[in-house]
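Q: Here's the letter readout for the chains.
Number of protein chains: 2
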Amino acid sequence: MDQDKIPQATAKRLPLYYRFLNNLSHQGKKRVSSKELSEAVKVDPATIRRDFSYFGALGKKGYGYNVEYLLGFFRKTLDQDELTEVALIGTGNLGTAFLHYNFLKNNNTKIVMAFDADSDKVGSDIGSVPVYHIDDLEEKMGWVSVAILTVPSDEAQAITNRLVDFGISGILNFTPARITVPSSIRVHHIDLAAELQSLVYFLKHYPLHSGS
Amino acid sequence: MDQDKIPQATAKRLPLYYRFLNNLSHQGKKRVSSKELSEAVKVDPATIRRDFSYFGALGKKGYGYNVEYLLGFFRKTLDQDELTEVALIGTGNLGTAFLHYNFLKNNNTKIVMAFDADSDKVGSDIGSVPVYHIDDLEEKMGWVSVAILTVPSDEAQAITNRLVDFGISGILNFTPARITVPSSIRVHHIDLAAELQSLVYFLKHYPLHSGS
DNA sequence: ATCATATTGTGAAATTAATCCCTAAATGCC
DNA sequence: GGCATTTAGGGATTAATTTCACAATATGAT
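Sequence lines, in order, name chains C and Y. The letter at position 44 of the first sequence is residue 43 when you use numbering that gives the first Met the number 0, and the numbering goes up by one with no holes. The letter at position 121 of the second sequence is residue 120 when you use numbering that gives the first Met the number 0, and the numbering goes up by one with no holes.
These are computed hints drawn from the structure, not numbers from a lab. Errors might be hidden in some of the hints.
[Said to hold, decoys possible] In silico EDC-like cross-links for lysine to aspartate or glutamate, where the CA-CA straight-line distance does not exceed 16 Å:
hint	chain 1	residue 1	chain 2	residue 2
1	C	Lys4	C	Glu38
2	Y	Lys41	C	Asp190
3	Y	Lys104	C	Asp164
4	Y	Lys29	Y	Asp43
5	Y	Lys11	C	Asp190
6	C	Lys203	Y	Glu137
[Said to hold, decoys possible] In silico negatives: residues of chain Y with every beta carbon more than 12 Å from chain C:
hint	residue
7	Lys29
8	Ser33
9	Ala56
10	Ser118
Yeah, the Cβ is synthetic: ideal placement off N, Cα and C, and Gly gets one too.
Turn these sequences into a full structure, and let the hints guide you.
A: Here you go:
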């Protein structure tokens, strides 16, 4: 779809840069160097400069980067001008937490509907988001092409299959299950228990003395 | 304290392998090949074999891996025999979700206490975990050396400073703030909004045709 | 206008991670 | 037992990412 070549590692950092540029802008800061930004986002300044350079020469030597210019550039690059609508499947504790989270604050992304099998929840709103019955998934989804999956893990694959049949483009999977999808569909896994276990493992086996 | 040399990328996958080996074991499966495991965890079989090989020759040629043996090996490697106690700071929606999550199921990790500033919550239990007042942090922490941070982002650094002064070892930071700590303390950031934005970015800019 | 200072952009090097692919070994069938 | 098949281990290669280090250039002070 566009300027290929941006390494995936760089692409993953873009939202982070974007958020901090927003912060700087709100603070009324006019310029920022890779060094300053580095301290804020905890990414090596050389890496920041390299990341930015994939998009061209965005800064000025001896000066740094103009905050508004850079912010505007990333707003376009990250498609922040168009709203991305997302559906959330599974309004358990974790799902409910997301429904109360205002993604719009920094990202032009909004959860516009939620699904659950619990008829007590169906019909109500959680965090101003309407909750529909999971049986009505296909009927209600409309143009939504991204789903956040926060269902019990033993239901993850069945729901995924329905999302796939419906024509979903991307799934953010918070269940511990590693779901199977056709190769044309993008899935990002966030495995909370594994993250915790991994942190504990690193603590025990990779003692730190410097750097992170 | 450890067999150095295990690449960080490998270390991050260990909890994943461990969980799926557990599943296989519960299913009564006796053996598993890197190919089968690959389909379950969505990691290339060569990568799995390479990962395992850092720990020695754990499998048998022409056979695969003995599930119980491998599971036992990883249980030891991941220190699953000793319970790791964790504190959670901030019982908002996300924090509450974690308090209801049973990390013990697959990981020998347990949230043993929670802290909040809201006096309505203090003194109660959430998901069987006692909630203390944030002012009593230092007094209550005891031997706990890992914290999950789910406070509002503008409080993240102040709480972090207190955790650092207390002598914390590791922090799992769910706030969008990139906290600053001495280099001897390990912090893992999980940035939920950034993950969602990143998924959307990949969808628009990295159309998939095969592989994930 | 000059010059000391700051800071980018990037080629090159280093590091880290993933994958290819072949050998050797174990299995299971006949 | 003999043999076709399966599958791990790991050397070598390739790919991806990070970091170094420096020339080029803009700034700001005087």
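Q: Decide, hint by hint, whether the structure agrees.
A: The hints, checked one at a time:
As the CA atoms of Lys4/C and Glu38/C are separated by approximately 27 Å, the hinted pair breaks the 16 Å bound. Simply put, Lys41/Y and Asp190/C have alpha-carbon atoms about 13 Å apart, close enough for the 16 Å limit, and the pair holds. For the hint linking Lys104/Y to Asp164/C, the alpha-carbon distance of about 32 Å lies beyond 16 Å, and the restraint is violated. The suggested pairing of Lys29/Y with Asp43/Y is violated, with an alpha-carbon distance near 21 Å, which exceeds 16 Å.
At most 16 Å may separate the alpha-carbon atoms for a hinted pair to count; Lys11/Y and Asp190/C meet this at roughly 11 Å. With a C-alpha separation of about 23 Å, the suggested pair Lys203/C and Glu137/Y falls outside the 16 Å cut-off, and the hint is violated. At the 12 Å boundary, the C-beta of Lys29/Y stays outside the reach of chain C, the nearest C-beta of that chain being 22 Å off. Look at Ser33/Y: its CB is around 15 Å from the nearest CB on chain C, clear of 12 Å, so calling it non-interface holds up.
For Ala56/Y, the non-interface assignment is confirmed: its Cβ lies about 21 Å from the closest Cβ of chain C, beyond the 12 Å cut-off. A cut-off of 12 Å between C-beta atoms confirms that Ser118/Y is not in contact with chain C; the least separation is 21 Å.
Checked against the numbered hints listed earlier, the structure breaks hints 1, 3, 4 and 6; every other hint is satisfied.
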